[in-house]
Amino acid sequence: MVEESVVTEGTEGEPRTYTKLIIFLLVVVLGLLYLYYVLSKPMQPLVTPRLKGYTHVLSIYGAGADRLYRPTEVAVGKDGKIFVADTMKHRIMVFDRNGRFLTKFGKKGKGKGEIEFPSAITVDDNGRVYVISYNLSKLIIYNQRYKPYWEITFPGLGPLSATVKGKRLYITTRAGIMIGDLKGNLLTTLSRGGSRKGEVNRPTGIAVDNRGNIYLADSMNYRIEALDKKGKPLWVVGAPPKTGPGKPLEEVERTRQFGLPVSLTLGPDGNLYVMDAFAGEILILDKKGKILGKVGDWGQEDGQFYYPAGITSAGGDRFVVADKFNDRVQVVRIPSPTAGAVLPFAQWAFNPYVIALLILAIITVLTWMWYRRWKRQRAQEESA
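So the sequence shown is residues 499 to 882, counted in our numbering.
These are computed hints drawn from the structure, not numbers from a lab. The structure presented is a predicted model; accordingly, all values stated were derived computationally and were not measured. It cannot be assumed that every hint is accurate.
Here are the simulated lysine-lysine pairs, BS3-like style, with alpha carbons at most 30 Å apart [said to hold, decoys possible]: (1) K587 <-> K602; (2) K608 <-> K695; (3) K645 <-> K730; (4) K663 <-> K785; (5) K606 <-> K636; (6) K786 <-> K728; (7) K681 <-> K608; (8) K695 <-> K645; (9) K605 <-> K579; (10) K695 <-> K788; (11) K550 <-> K636; (12) K681 <-> K610; (13) K587 <-> K608; (14) K663 <-> K681; (15) K576 <-> K665; (16) K645 <-> K576; (17) K636 <-> K728; (18) K587 <-> K606; (19) K550 <-> K610; (20) K695 <-> K785; (21) K730 <-> K663; (22) K681 <-> K727; (23) K785 <-> K579; (24) K665 <-> K645; (25) K587 <-> K636; (26) K550 <-> K579; (27) K605 <-> K663; (28) K550 <-> K587.
Quick list of the computed label-pair ranges, beta carbon to beta carbon [said to hold, decoys possible]: (29) G607 <-> S693: 35 to 41 Å; (30) R831 <-> A673: 46 to 52 Å; (31) F823 <-> N708: 33 to 39 Å; (32) D623 <-> N596: 19 to 25 Å; (33) K605 <-> G729: 32 to 38 Å; (34) K550 <-> A673: 23 to 29 Å; (35) K730 <-> G768: 17 to 23 Å; (36) H554 <-> G607: 32 to 38 Å; (37) N624 <-> K695: 20 to 26 Å; (38) R874 <-> K730: 58 to 64 Å; (39) K730 <-> K605: 37 to 43 Å; (40) V863 <-> S693: 53 to 59 Å.
Glycine is no exception: its CB is placed at the ideal position from the N, C-alpha and C atoms.
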C-alpha cells in the first residue's frame, strides 16, 4: 500500500512539474529571442550617413543674360514647371522641367497686386500660384495666366511659408499656422510662438501629408516638428542650442542637430527632405522623425550649395533646390533611402538566427513532452 501511494502521488504531481518546466523554458527562449533582437538592432550612428547615388541633374542661372539674384524658394507645378521666387529682382521666373525659360511675372511695388522681395511660393493642382511677400506682409494669388486676382494681408503676423494640400491653404507666420480655403478665407489657426513642444519660432518651411499631419522647418528653434491635423505635437527632432555663461561658441554649435532648417518637402516615398542652410545639406527623415541620411555639401560646384533656402519635390527622385547665395536653382537626384527596404518585421522574422532559435525552442518543447510521456508510461508499468 505504501508503494502504491508513492507512485500515485508522483503521477499526479508530474503534470504540474512538467508544465512549470515547459513554461520556464518558453520564457527563457523568448527572453533569448528578445535579447538577440535588442543586441542585433543597429546602433544609431553619431554621424549621419551620406547616401550613395546622389547626382546633379542641371542648374538654372536665369534666362540668358538675365540672371537670378538670390532666389529664395521654388515650387513645381503638376505639369512639371519650375517656379522660382527671384527675391532680389522682385519677380517670379518660370522654367520647364529641363530648365528652359518660359516666362516671368510679378510687378515690384507696394500697391495691390504688387510684390517686393518674394520669399515663398507654392502652386496648387489647378495651376494657381501663391506668392508670399514677407516684406509687405501679404500673400498674392495668381491665376493660370499669372495675373494677380486675390491677395491676403497679414498685419503684424509676417507670413513665412505656404503650401496647398487638397482644398486647404496652409500658411506659417511668426505667430503659428493659419489654415484657409483656396479663396483666402481663414478656417482655423494652430500652434503659437514659443520654444516648447508644439510651439514655433519663425517656421520657414511647411509640408502636409495625406492624413493632414503637418511638418515644419521650425527655423529659429533649430528643429523639425510634426503636428497632427488638430495641432497636437507628434514629435520633434532637434532643439534650440543650449547657451549660457561661459559656454564657448564651439560647444553651443555642437549641441545643435541642425545648422538652420529653412525648408522641407515630402517626397513620393513619404520621407521628409529638409534643407539645412548653414550646413549646405539635405537631410532625409522618415515621417516618425528618424534621420535616414543626408546628401549635398558646402560649395559652388554642381550638387553643392551655398546658403540654400528652399527645396521641393519634382516627382520621382528629382528635387529642385533654391541655391540662394550661388544665385541659381539646381535640380538634383536623390535616391530614396527606403525604396525596396525590407519591412522591419519581415527582416526580423526571416533572420536565420531567429529561425534557428525558434527551431531550438520547438525541439526543446517536443523533447520535454516526449520525456513526460515516457515518464508516465514508466510509472504505469511500475504500478502494474
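Do the hints match the structure? See the list:
Distance hint between K587 and K602 is fulfilled; the C-alpha atoms sit about 11 Å from each other, no more than 30 Å. Taking the CA atoms of K608 and K695, the gap is about 37 Å. The hint is violated against a cut of 30 Å. Between K645 and K730 the CA atoms are separated by roughly 37 Å; this puts the pair beyond 30 Å, and the hint is violated. Simply put, K663 and K785 have alpha-carbon atoms about 17 Å apart, close enough for the 30 Å limit, and the pair holds.
For the hint linking K606 to K636, the alpha-carbon distance of about 14 Å falls within 30 Å, and the restraint holds. Distance restraint check for K786 and K728: the Cα-Cα separation of roughly 17 Å lies within the 30 Å cut-off, and the hinted pair is therefore satisfied. Annotation: proposed proximity of K681 to K608 holds, straight-line Cα distance about 22 Å (limit 30 Å). Of the pairs offered as hints, the one joining K695 and K645 is violated, with about 40 Å between alpha carbons and a cut-off of 30 Å exceeded.
Annotation: proposed proximity of K605 to K579 holds, straight-line Cα distance about 21 Å (limit 30 Å). About 17 Å separates the Cα atoms of K695 and K788, which keeps this hinted pair within 30 Å; it holds. Taking the CA atoms of K550 and K636, the gap is near 41 Å; set against the 30 Å cutoff, the hint is violated. Distance check on the hinted pair: K681 and K610 sit about 17 Å apart at the alpha-carbon level, within 30 Å; holds.
The hinted pair formed by K587 and K608 meets the criterion: a straight-line CA distance of about 14 Å does not exceed 30 Å. For the proposed pair K663 and K681, the alpha carbon gap of about 14 Å is at most 30 Å, so the pair holds. For the given pair, K576 sits about 15 Å from K665 by alpha-carbon distance, which is consistent with the 30 Å threshold. Under the criterion of a C-alpha separation no larger than 30 Å, the hint pairing K645 with K576 is consistent with the structure, at around 19 Å.
With a CA separation close to 25 Å, the supplied pair K636 and K728 stays within the 30 Å bound. Under the criterion of a C-alpha separation no larger than 30 Å, the hint pairing K587 with K606 is consistent with the structure, at around 8 Å. Of the pairs offered as hints, the one joining K550 and K610 is violated, with about 48 Å between alpha carbons and a cut-off of 30 Å exceeded. Of the pairs offered as hints, the one joining K695 and K785 holds, with about 17 Å between alpha carbons and a cut-off of 30 Å not exceeded.
With a CA separation close to 19 Å, the supplied pair K730 and K663 stays within the 30 Å bound. Between K681 and K727 the alpha-carbon distance is near 20 Å, which keeps this suggested pair within the 30 Å criterion. For the proposed pair K785 and K579, the alpha carbon gap of about 27 Å is at most 30 Å, so the pair holds. Our distance criterion of 30 Å between C-alpha atoms is met by K665 and K645, whose separation comes to about 21 Å.
Between K587 and K636, the direct Cα distance comes to roughly 18 Å. Compliance with the 30 Å bound is thereby established for this hinted pair. About 27 Å separates the Cα atoms of K550 and K579, which keeps this hinted pair within 30 Å; it holds. Of the supplied pair hints, the one linking K605 and K663 holds, its CA atoms being roughly 27 Å apart against a limit of 30 Å. Between the alpha carbons of K550 and K587 the distance comes to roughly 36 Å, so the proposed pair goes past 30 Å and is violated.
For the pair G607 and S693, the supplied restraint of 35 to 41 Å holds, since their beta-carbon distance comes to about 37 Å. Checked against the hint of 46 to 52 Å, the pair R831 and A673 fails, with Cβ atoms roughly 37 Å apart. For F823 and N708, the Cβ-Cβ distance of about 34 Å falls inside the hinted range of 33 to 39 Å, so the restraint holds. Separation of D623 from N596 is about 22 Å and conforms to the stated range, judged on CB atoms against 19 to 25 Å.
For K605 paired with G729, a C-beta distance near 36 Å keeps the hint of 32 to 38 Å intact. Range check, K550 to A673: about 42 Å between beta-carbon atoms, so the 23 to 29 Å window is missed. In this structure the hint that K730 and G768 lie 17 to 23 Å apart at CB holds, the actual value being about 20 Å. For H554 paired with G607, a C-beta distance near 37 Å keeps the hint of 32 to 38 Å intact.
Hint check: N624 to K695, Cβ distance near 36 Å, so the stated range 20 to 26 Å is violated. The hint said 58 to 64 Å for the Cβ distance between R874 and K730, and at roughly 59 Å that hint holds. In this structure the supplied range 37 to 43 Å holds for K730 paired with K605, their Cβ-Cβ distance being about 41 Å. Taking 53 to 59 Å as the suggested C-beta distance range, the pair V863 and S693 conforms, at roughly 55 Å.
The structure is inconsistent with the numbered hints 2, 3, 8, 11, 19, 28, 30, 34, 37, although it conforms to all the rest.
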